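Student: Listed below, chain by chain, are the residues.
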Amino acid sequence: MTIRHTFKTALTGLTTNRSRSFLTILGIVIGITAIMLVISLGSGAQALILGEVQGLGTNTIAIIPGQVSTSPSSSAAALYSDSLKPADVTALLNKSNVPDLKSLMPVVIGADAASYGPNTYQVTVFGGTDLIADIFNLVPAEGQFFDQSDVISYSSAVVIGADVANYLFDNQDPIGQNVKIKGRNFRVAGVLPKSGGGSLFNFDSMVIMPYTTAMTYVTGQKYYNRLIIQATSDKIVPVAAADIKLTLEESHNITDPAKDDFTVETQQTLANTLGTITSALTYFLVAVASIALFVGGVGIMNIMLVAVTERTKEIGLRKALGATDRDILAQFLLEAILLTAIGGIVGILLGAGLAFGISIGLSKGLGVNWQYVFPWGGAILGLSVSALIGLVFGGYPARQASKKSPIEALRYE
Amino acid sequence: MNIISVKNLRKSYHDGTDTIALKSVSFDVRQGEFLAIMGPSGSGKSTLLHLLGLLDSPTSGSYRFNDKNVTSYSSDELALLRNREIGFVFQMFNLLPRTSVLENVKLPLYYSDIPEREWEDRARSAVESVGLEHRMEHQQAELSGGEKQRVAIARALVTDPGVIFADEPTGNLDSKSGKNVMAIIQRLNEEHGKTIVLITHETATADHAERIIRLIDGEIESDARVRNRLKPEDEFVK
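Chains as they are written, first to last, in our numbering: chain A, 863 to 1275; chain B, 5 to 242.
I should point out that these hints are in silico values taken from the structure, not numbers from a laboratory. Every value quoted in this text rests on a predicted model; they were computed, and no experiment measured them.
Label-pair restraints from in silico Cβ distances:
hint	chain 1	residue 1	chain 2	residue 2	range
1	B	Ser76	A	Trp1238	50 to 60 Å
2	A	Ile1242	B	Asp71	48 to 58 Å
3	B	Ser129	A	Leu1253	36 to 46 Å
4	B	Thr103	A	Gly1229	57 to 67 Å
5	A	Val1157	B	Thr103	25 to 35 Å
Examples of chain B residues lying across from chain A (beta carbon under 7 Å, computed):
hint	residue
6	Asp60
7	Arg86
8	Asn87
Even glycine gets a Cβ: it sits at the ideal position worked out from N, Cα and C.
Next up, chain A with everything else stripped away, as it sits in the complex (with noise of 0.2 Å):
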């Protein structure tokens, strides 16, 4: 029999059975469907982070005391919390040591109780220079950012978030006035605008003000959280990440990296940790997923053995009539597939369509910019597993009704 007259022949088998048909592709089509979106969001999710992270600006270099804890039981982050000193700035600051470096911001941060009035806010203190409105693009909707004269005076101007505004001033106007933390007045030179919950960073429930306030009359503390470099270009990024990572260990007297205490991360690293955590998690939802294709095919072989049975009759007249036992396995064979493609298809078509609803109300619902991506590998992976299914699963059930005697089947009732 040609393939073409077992296409036919089987394409006849499934339509006379439509509503059987049906129900046995539901099984993949939910399958497929899962996994379709799973990816598709894991790789929105994925671009959505990547954004904010290249938003940060391609040239931006962070140091972070301690080591990126590279297995489970490193606890160097913590030992070394401590590790960056204001003699580290001024090592770095040194052209002859990193020549690349446009410009450097320590960072503090501490929690702490705002008040006005009657009115207290628990906070986040952000301690830095006015790179930072630089990096996140931060332009106040009232008043302005300090300067660095502010922060060479350890001046007492501070930037408010839009919640710690609304908490702590109500209706009035907050520029000029003064907060209280800690006892101390500082004096609000700028209010930002909100900027939402989906971004990676928050400065609602900040108050931003010079580092060398911060540490002074703040948190008290002597060294940096975070040190924040600007290189001169994109393309230096990786000297001047090496130069900072030699300068650091000479400072600190560091002679084998191995025990460097601090992490010097760019923004391709940090893109590259993001991508790998998006990436997992995305596996492992596929994983979950395929529990349900693995369900779908048994579906598949139970339908198919119930058909064999049922069909005995016309399997042993077929034979009587010249089919060979090929003939009959690639009738079934191609049944089970067929089967599967097509709830693979459909699983395909109805994973991206409400992957894409969910972008657009992830876009409007949460006001981010979830871009929807086609998981084209996705498509392609789901296609030809699910035909696989059906090789698999239809195996066993066409070979049981390719070796059905003709007679035995004939006699069938």
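Dock chain B against chain A, hints included.
Tutor: Frame of chain A; chain B shown alone:
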């Protein structure tokens, strides 16, 4: 020339106890002969037809079909032989459900090496030869019993085989339809030279044949010519 030649054909089943369905049967069938095999149920006539029709293989004995020793054939070779040289007509018609008359008749062609361009014409002329040209596109559920059996005969004819095996072809039909079917079968024998081997327990059906073999308990009891053979137009009484 003998189209069928069996010697000491024996068939036993081993399902718990040994059941002998056929004990050492020998006979020949000439090309163009019309043979009826009769016998009560359990006499082994169905087993014999299945063996002759290459649907089953004997436990021992020899079977030459068309001068070929088919006892040594593989299942694929047997399938090919069934397709090319044998047509079957069953008591229960065995038509595919929800499939048109024309498609049912075409079924053996799918498994043949007859070029596809000939299929439509062959199927149509087979349907016409049993007088169902007005039923071409009907589904089997819309047909009467007699019509169904005529479709089955058309299906048996479509590959133009030399031999037609009929297993109780009138067993599920009323006497009028039965007569009609037997008239067609007899005409195939007389006008188209087809060899017919038919099993039945109805004398009225068997009397259309030239020769009747009677089986009892797996053995040939008698093998005789029919003296007052029925003609296609004769009254068929059940």
